[in-house]
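**Student:** Here's the letter readout for the chains.
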Amino acid sequence: GAVVSQHPSWVICKSGTSVKIECRSLDFQATTMFWYRQFPKQSLMLMATSNEGSKATYEQGVEKDKFLINHASLTLSTLTVTSAHPEDSSFYICSAIGGSSSYNEQFFGPGTRLTVL
Amino acid sequence: DAKTTQPPSMDCAEGRAANLPCNHSTISGNEYVYWYRQIHSQGPQYIIHGLKNNETNEMASLIITEDRKSSTLILPHATLRDTAVYYCIVRAYTGTASKLTFGTGTRLQVTL
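Residue numbers (our numbering), protein chains in the order written: chain A, 1 to 117; chain V, 1 to 112.
Worth flagging that the hints you see were computed from the coordinates, not collected in a lab.
Using N, Cα and C, we set each Cβ at its ideal position, and we do this for glycine too.
Any given hint could be a false lead.
Lysine to any residue pairs mimicking SDA-like chemistry, simulated, CA-CA at most 25 angstroms apart [as the list claims (entries may be wrong)]:
(1) A:K41 / V:N19
(2) V:K3 / A:L46
(3) V:K99 / A:S43
(4) V:K3 / A:V62
(5) V:K99 / V:H40
(6) V:K99 / A:P110
Some residues of chain A that are not near chain V, with every Cβ distance over 12 angstroms (derived) [what the hints assert, rightly or not]:
(7) S18
(8) F67
(9) L117
Quick look at which bits of chain V chain A covers, simulated, 3 or more residues with Cβ under 8 angstroms [to be verified]:
(10) 41-55
(11) 58-66
Produce the complete structure using the sequences and hints provided.
**Tutor:** Quick look at the structure:
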C-alpha cells in the first residue's frame, strides 16, 4: 500500500520558537494532503487541506498565520507551527491522497508529537 | 457528511470475533461507510469501506444493513494487536478529494 512518512516523529521546543513538520508520500504522488491535530484522549481534528501548488484551505477556527502549510511538490507538504506555545503541544498527523486507488483513499503518516515547553 | 454513532468502548477475548457497530441513520445515497483504526500514538490505518454490499478483505468484514442506516465491522479472530480505537466514518465519493471527519470512535480492548 501507499506509504506516508512524517519527520520528525517527535520534537520538543521552547515557547516562542517555530517548528516545521514534514509529510512525504514515499511511493506515490499526492495531489492533496491533509493535516490533523489530536489532543490526548481526543479524536483527530482536521486543521487544513493542502493541494499541490495552491494555498491551503483551513478549517474554521484554525489560524492560518500560526499554522503555515506549504505543498510545494507532489510528494511533500510541510506544516510550520510559528511562535509555538504550550497549548500547541499535540499529536500532528498528515494524510495524503493519490496513488492508484480509484476511491481517493487517504493514507496516514505515523504522526509527530510536539511538546512545547 | 452524515454523522455516525459508535459505542465508546468494547472488550473482546483474544481469538474471538469482535463485532463493532455503527449507526449512520442520516446517510445519503452517495455516501460510503469507511472504517479506520488508530493504535495508540500512531496514525490511523484504513481497514475497509463499502457502499451497500457487504465487503471482506484480509483484515475484516463489513456488514451494511439493507436500509444502510447501520453497519458492523467484524474482526473474525481478534488478537492483542487489534487493541485500538476504531472509527466509523461516512463520506461521499465525489471524484475529488473529500474530507474525513473523525468522531469519537470505539475503543476496543482485546484481552487474554
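**Student:** None of the hints should be skipped; say for each whether it holds.
**Tutor:** Results of checking the hints against the structure:
1. Between A:K41 and V:N19 the alpha-carbon distance is near 23 angstroms, which keeps this suggested pair within the 25 angstroms criterion.
2. Simply put, V:K3 and A:L46 have alpha-carbon atoms about 16 angstroms apart, close enough for the 25 angstroms limit, and the pair holds.
3. A C-alpha spacing of about 15 angstroms is found between V:K99 and A:S43, which places the hinted pair at or below 25 angstroms, so the restraint holds.
4. At roughly 22 angstroms between alpha-carbon atoms, V:K3 and A:V62 fall within 25 angstroms of each other, so this suggested pair holds.
5. For the hint linking V:K99 to V:H40, the alpha-carbon distance of about 22 angstroms falls within 25 angstroms, and the restraint holds.
6. Only pairs whose Cα atoms come within 25 angstroms are accepted, and V:K99 paired with A:P110 is accepted, the gap being roughly 19 angstroms.
7. The Cβ of A:S18 sits about 23 angstroms from the closest Cβ of chain V, beyond the 12 angstroms cut-off, so the non-interface label holds.
8. For A:F67, the requirement that its beta carbon stay farther than 12 angstroms from each beta carbon of chain V is met, with the minimum near 17 angstroms.
9. With a cut of 12 angstroms on Cβ distances, A:L117 stays outside the contact zone with chain V, its closest approach being about 20 angstroms.
10. Requiring three or more residues with a Cβ within less than 8 angstroms of a Cβ of chain A, the coverage given for the segment 41-55 of chain V holds, as 7 such residues are present.
11. Restraint check on the segment 58-66 of chain V versus chain A: 0 residues with Cβ-Cβ distances below 8 angstroms, three needed, restraint violated.
In this structure, the one hint that does not hold is number 11.
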